[in-house]
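Asker: Each chain, letter by letter, is given below.
Protein chains: 2
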Amino acid sequence: MTDTASILTRADDNLPQSLERLFDLVRIQSISTDPAYKAECRKAAEWLVAELTGLGFDASVRDTSGHPMVVAHHAAGRAGAPHVLFYGHYDVQPVDPVNLWDTAPFEPSIKELDGGRKVITGRGTADDKGQLMTFVEACRAYKDINGSLPCEVTILFEGEEESGSPSLKPFLEANAAELKADYALVCDTNMWDRDTPAISAGLRGLVGEEIVITAADRDLHSGYFGGAAANPIHILANILAGLHDETGRITLDGFYEGVEETPSQIKAAWETLGMSTEKFLGEIGLAIPSGEKGRSVMELTWARPTAEVNGIWGGYTGEGFKTVIAAQASAKVSFRLVGTQDPDRIRAAFRSYVASKIPADCSVEFHEHGGSPAIQLPYDSALLNTAKSALSDEWPKPAVLIGMGGSIPIVGDFQKMLGMESLLVGFGLADDRIHSPNEKYELQSFHKGIRSWIRILAALAG
Amino acid sequence: MTDTASILTRADDNLPQSLERLFDLVRIQSISTDPAYKAECRKAAEWLVAELTGLGFDASVRDTSGHPMVVAHHAAGRAGAPHVLFYGHYDVQPVDPVNLWDTAPFEPSIKELDGGRKVITGRGTADDKGQLMTFVEACRAYKDINGSLPCEVTILFEGEEESGSPSLKPFLEANAAELKADYALVCDTNMWDRDTPAISAGLRGLVGEEIVITAADRDLHSGYFGGAAANPIHILANILAGLHDETGRITLDGFYEGVEETPSQIKAAWETLGMSTEKFLGEIGLAIPSGEKGRSVMELTWARPTAEVNGIWGGYTGEGFKTVIAAQASAKVSFRLVGTQDPDRIRAAFRSYVASKIPADCSVEFHEHGGSPAIQLPYDSALLNTAKSALSDEWPKPAVLIGMGGSIPIVGDFQKMLGMESLLVGFGLADDRIHSPNEKYELQSFHKGIRSWIRILAALAG
Numbered sequence: 001m002t003d004t005a006s007i008l009t010r011a012d013d014n015l016p017q018s019l020e021r022l023f024d025l026v027r028i029q030s031i032s033t034d035p036a037y038k039a040e041c042r043k044a045a046e047w048l049v050a051e052l053t054g055l056g057f058d059a060s061v062r063d064t065s066g067h068p069m070v071v072a073h074h075a076a077g078r079a080g081a082p083h084v085l086f087y088g089h090y091d092v093q094p095v096d097p098v099n100l101w102d103t104a105p106f107e108p109s110i111k112e113l114d115g116g117r118k119v120i121t122g123r124g125t126a127d128d129k130g131q132l133m134t135f136v137e138a139c140r141a142y143k144d145i146n147g148s149l150p151c152e153v154t155i156l157f158e159g160e161e162e163s164g165s166p167s168l169k170p171f172l173e174a175n176a177a178e179l180k181a182d183y184a185l186v187c188d189t190n191m192w193d194r195d196t197p198a199i200s201a202g203l204r205g206l207v208g209e210e211i212v213i214t215a216a217d218r219d220l221h222s223g224y225f226g227g228a229a230a231n232p233i234h235i236l237a238n239i240l241a242g243l244h245d246e247t248g249r250i251t252l253d254g255f256y257e258g259v260e261e262t263p264s265q266i267k268a269a270w271e272t273l274g275m276s277t278e279k280f281l282g283e284i285g286l287a288i289p290s291g292e293k294g295r296s297v298m299e300l301t302w303a304r305p306t307a308e309v310n311g312i313w314g315g316y317t318g319e320g321f322k323t324v325i326a327a328q329a330s331a332k333v334s335f336r337l338v339g340t341q342d343p344d345r346i347r348a349a350f351r352s353y354v355a356s357k358i359p360a361d362c363s364v365e366f367h368e369h370g371g372s373p374a375i376q377l378p379y380d381s382a383l384l385n386t387a388k389s390a391l392s393d394e395w396p397k398p399a400v401l402i403g404m405g406g407s408i409p410i411v412g413d414f415q416k417m418l419g420m421e422s423l424l425v426g427f428g429l430a431d432d433r434i435h436s437p438n439e440k441y442e443l444q445s446f447h448k449g450i451r452s453w454i455r456i457l458a459a460l461a462g
Numbered sequence: 001m002t003d004t005a006s007i008l009t010r011a012d013d014n015l016p017q018s019l020e021r022l023f024d025l026v027r028i029q030s031i032s033t034d035p036a037y038k039a040e041c042r043k044a045a046e047w048l049v050a051e052l053t054g055l056g057f058d059a060s061v062r063d064t065s066g067h068p069m070v071v072a073h074h075a076a077g078r079a080g081a082p083h084v085l086f087y088g089h090y091d092v093q094p095v096d097p098v099n100l101w102d103t104a105p106f107e108p109s110i111k112e113l114d115g116g117r118k119v120i121t122g123r124g125t126a127d128d129k130g131q132l133m134t135f136v137e138a139c140r141a142y143k144d145i146n147g148s149l150p151c152e153v154t155i156l157f158e159g160e161e162e163s164g165s166p167s168l169k170p171f172l173e174a175n176a177a178e179l180k181a182d183y184a185l186v187c188d189t190n191m192w193d194r195d196t197p198a199i200s201a202g203l204r205g206l207v208g209e210e211i212v213i214t215a216a217d218r219d220l221h222s223g224y225f226g227g228a229a230a231n232p233i234h235i236l237a238n239i240l241a242g243l244h245d246e247t248g249r250i251t252l253d254g255f256y257e258g259v260e261e262t263p264s265q266i267k268a269a270w271e272t273l274g275m276s277t278e279k280f281l282g283e284i285g286l287a288i289p290s291g292e293k294g295r296s297v298m299e300l301t302w303a304r305p306t307a308e309v310n311g312i313w314g315g316y317t318g319e320g321f322k323t324v325i326a327a328q329a330s331a332k333v334s335f336r337l338v339g340t341q342d343p344d345r346i347r348a349a350f351r352s353y354v355a356s357k358i359p360a361d362c363s364v365e366f367h368e369h370g371g372s373p374a375i376q377l378p379y380d381s382a383l384l385n386t387a388k389s390a391l392s393d394e395w396p397k398p399a400v401l402i403g404m405g406g407s408i409p410i411v412g413d414f415q416k417m418l419g420m421e422s423l424l425v426g427f428g429l430a431d432d433r434i435h436s437p438n439e440k441y442e443l444q445s446f447h448k449g450i451r452s453w454i455r456i457l458a459a460l461a462g
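Chains as they are written, first to last, in UniProt numbering: chain A, 1 to 462; chain B, 1 to 462.
A portion of the hints provided could be inaccurate.
Residues from chain B that keep clear of chain A, each with C-beta distances beyond 10 Å, as calculated [said to hold, decoys possible]:
no., residue
1, Glu46
2, Gly274
3, Asp342
4, Thr386
5, Glu421
Here are the computed lysine-lysine pairs in the DSBU-like style, where the Cα-Cα straight-line distance is at most 30 Å [stated by the list, open to error]:
no., chain 1, residue 1, chain 2, residue 2
6, A, Lys388, A, Lys143
7, B, Lys38, B, Lys180
8, B, Lys111, B, Lys397
9, B, Lys267, B, Lys293
10, B, Lys169, B, Lys43
11, A, Lys293, A, Lys279
12, B, Lys111, B, Lys43
13, B, Lys357, A, Lys357
14, B, Lys357, A, Lys279
15, A, Lys357, A, Lys397
16, B, Lys293, A, Lys357
17, A, Lys293, B, Lys38
18, B, Lys267, B, Lys279
19, B, Lys279, A, Lys357
20, B, Lys388, B, Lys267
Honestly, the hints are just simulated from the structure, not real lab data.
Glycine included, each C-beta is placed from N, C-alpha and C at the ideal position.
With the hints as constraints, model all of the structure from the sequences given.
Answerer: This is the structure:
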């Protein structure tokens with residue numbers, strides 16, 4: 001075994017080829033939520049298996065009832081080394097509205113920004129292909145220099161993270177023995193800022209629902225029927241408007257059961273991070289926090305539950321005007337959960353609220369789009385402290401423990417089903433525009449991300 | 001000159017050819033609101049000019065800044081006969097959602113329904129191509145038998161009725177001398193029922209608005225920003241939900257200025273028509289009137305103003321789920337006006353209401369989609385009484401005077417700009433599904449519609 005420094009140097013030398021490999025992966029249009037891209041999802045899985053096999057992993061594409069998993073195993077260079085399970089996802093979000101992209105979403109490129117910062121452009125560069133490739137390339141540097149890995153490594157890449165992970169639980173259940181490791185490493189999160197790595201200790205849960213309201217049995221002329229016939233868009237607008245009260249609180253029955261106030265020492269630690277409302281909202285062109293009154297943006301996005309309408313449609317939405325009363329109106333609604341809020345109870349409360357607002361001669365259908373509780377990891381553990389120190393060696397500033405507004409349901413599943421603690425480390429930035437046009441991943445995130453995993457693996461191996 | 005009976009018989013004999021001509025016109029995809037169909041609109045205008053020229057009219061396509069007008073003139077067979085202006089429109093509504101059509105919208109066919117009734121299927125069969133062709137074919141029967149027409153006839157066919165008629169006023173203004181006649185005959189309305197012809201004496205006005213609300217400067221991840229960033233769909237839902245109060249009244253400032261209660265003798269006459277809530281709403285699968293409480297469906301649709309959302313869209317509306325907070329949300333909203341409600345003041349009140357609900361860090365854009373005041377024609381005039389008696393000769397039941405929920409702005413323009421009284425007679429039925437998939441026109445409406453115009457022209461000629 002050589003020292004970590006040579007491994008890091010090797011990663012630096014590999015960077016041009018590492019980027020080429022990432023570009024190849026980004027070119028695959030693995031949009032999991034749209035059935036039209038099914039073959040592309042499989043192609044991404046097969047590409048990863050080929051890469052990992054080339055690195056000496058025992059890797060395979062594993063079929064599910066949806067998009068396939070990638071599972072790969074590699075022994076440690078020495079007996080008694082710890083065993084880690086690395087998790088990432090190869091699927092990406094849809095790219096619409098595609099006309100708002102400055103570069104083609106599936107033609108990655110390096111762009112130099114004002115000030116000389118370089119970014120990698122393209123859908124999935126930050127979420128999550130660039131992130132998962134940091135780990136693969138870290139393994140490559142180890143193999144290049146040592147011919148072995150410092151820890152036993154199992155890799156699990158999912159292809160349905162952006163569409164509710166329907167196959168994940170059954171797969172973990174069916175393959176628990178194969179996937180169980182000492183720790184899970186999950187790379188799908190952000191840094192605190194460009195200089196400060198972060199370990200996420202809290203993640204919000206998620207409940208997704210789609211509702212379709214039907215009024216008349218056909219689209220109607222608003223002249224002949226307007227004023228007498230029910231308009232499903234009005235019914236929908238009333239339902240959605242009633243989800244929040246004037247103070248920004250969510251009105252569903254029992255919604256706040258399981259929501260605890262954040263301990264004051266945690267809020268105080270967050271205050272020291274120097275994030276202001278102006279800075280957080282200013283970056284996206286806004287200024288006024290929209291949620292519950294009297295709480296910081298960190299608390300609102302990390303520690304408070306939400307109800308958001310993610311999509312709405314009904315009636316005539318084309319060019320010009322059509323004086324129609326639609327037969328149907330639809331919305332996609334999601335709830336972010338914290339503490340011990342129960343996804344099933346939240347879903348039931350939402351459905352019962354919606355149903356109570358539907359006139360007797362109209363109807364509503366519900367479609368479930370995933371559900372997972374929030375996760376709270378310990379703020380103090382050996383795993384966290386080891387990783388914190390390894391990250392602090394790599395980056396200009398020491399690593400910080402933060403909360404996270406997004407949902408990574410697998411962390412809960414790892415805990416519940418495989419009894420594994422997770423380490424959530426990622427190198428995304430808040431302005432990466434994930435899920436939006438012009439997604440990018442900083443070249444520095446990719447490069448120092450690879451170097452960070454080299455250091456973390458070395459630290460875990462002891 | 002021969003008697004009316006031979007003209008009517010000739011129309012009967014012509015029917016198969018009359019239908020073929022209507023089919024030719026329906027096949028032209030003249031959707032005026034969608035710029036993709038511009039050439040098809042011109043094609044429809046040219047087809048009509050060719051037909052009218054063949055009938056001996058001095059007909060021409062007349063360019064506007066939008067879709068062209070068709071204007072045609074024909075002298076009367078005898079000096080001193082009255083001069084009528086016949087109005088119809090050759091443009092049609094969009095056909096989406098096209099998958100809900102049982103037959104292709106632009107491939108007209110005759111379909112026999114249970115009970116033996118025959119209907120003509122296709123977009124525009126009832127609104128308004130089938131209706132305008134009843135008049136053209138009435139003229140043909142006269143020409144076939146007499147070689148002349150009983151009245152002097154000017155025809156005006158518009159190609160922008162379904163998209164707010166932007167060119168109509170300027171065209172009437174520029175060609176007032178050419179278009180001025182003794183009466184206008186407008187054929188774009190319904191019968192009372194299958195057996196009972198109707199003359200419409202009141203028409204609601206219309207204001208169309210489109211609003212686009214912008215919050216953040218890009219689409220956001222609802223995990224990272226949810227709870228802190230403004231969601232434009234929530235803002236929009238609140239605005240739309242606030243348009244009506246719990247009693248169904250519209251909340252805009254000054255909205256009911258100019259709205260008079262319907263005289264009790266008119267309401268009493270309407271009651272005798274035998275239209276019940278159950279019948280009116282039952283036909284479209286509904287049961288509960290949605291507008292202002294305590295008013296009949298006739299009052300709600302003929303004599304009360306409305307606010308309707310005709311379309312709404314924002315965020316992710318595709319398959320699956322996307323946890324996005326949209327940058328923008330949009331809606332198309334229309335108001336039906338009655339009495340002397342002022343379209344400009346209603347539009348201003350709406351805009352000021354919407355603007356008052358937009359948070360300081362968000363913005364709204366407004367797009368105007370047409371505006372016209374309501375029309376109230378006299379319930380008693382020589383023109384009306386002549387037409388009433390001619391119609392009563394043709395149909396099983398006597399003609400009735402009714403109100404109308406839809407808007408035909410040209411009636412007001414004829415009155416104001418050309419000083420002409422209009423006669424609103426049409427042969428559509430409430431279940432013709434105009435503006436919806438599976439539009440149809442009854443074969444009886446077409447056939448007896450032709451015969452009705454023959455009788456009306458004879459009666460007007462005296």
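Asker: Any hints from earlier that this structure breaks? Give me their numbers in increasing order, please.
Answerer: 15, 17
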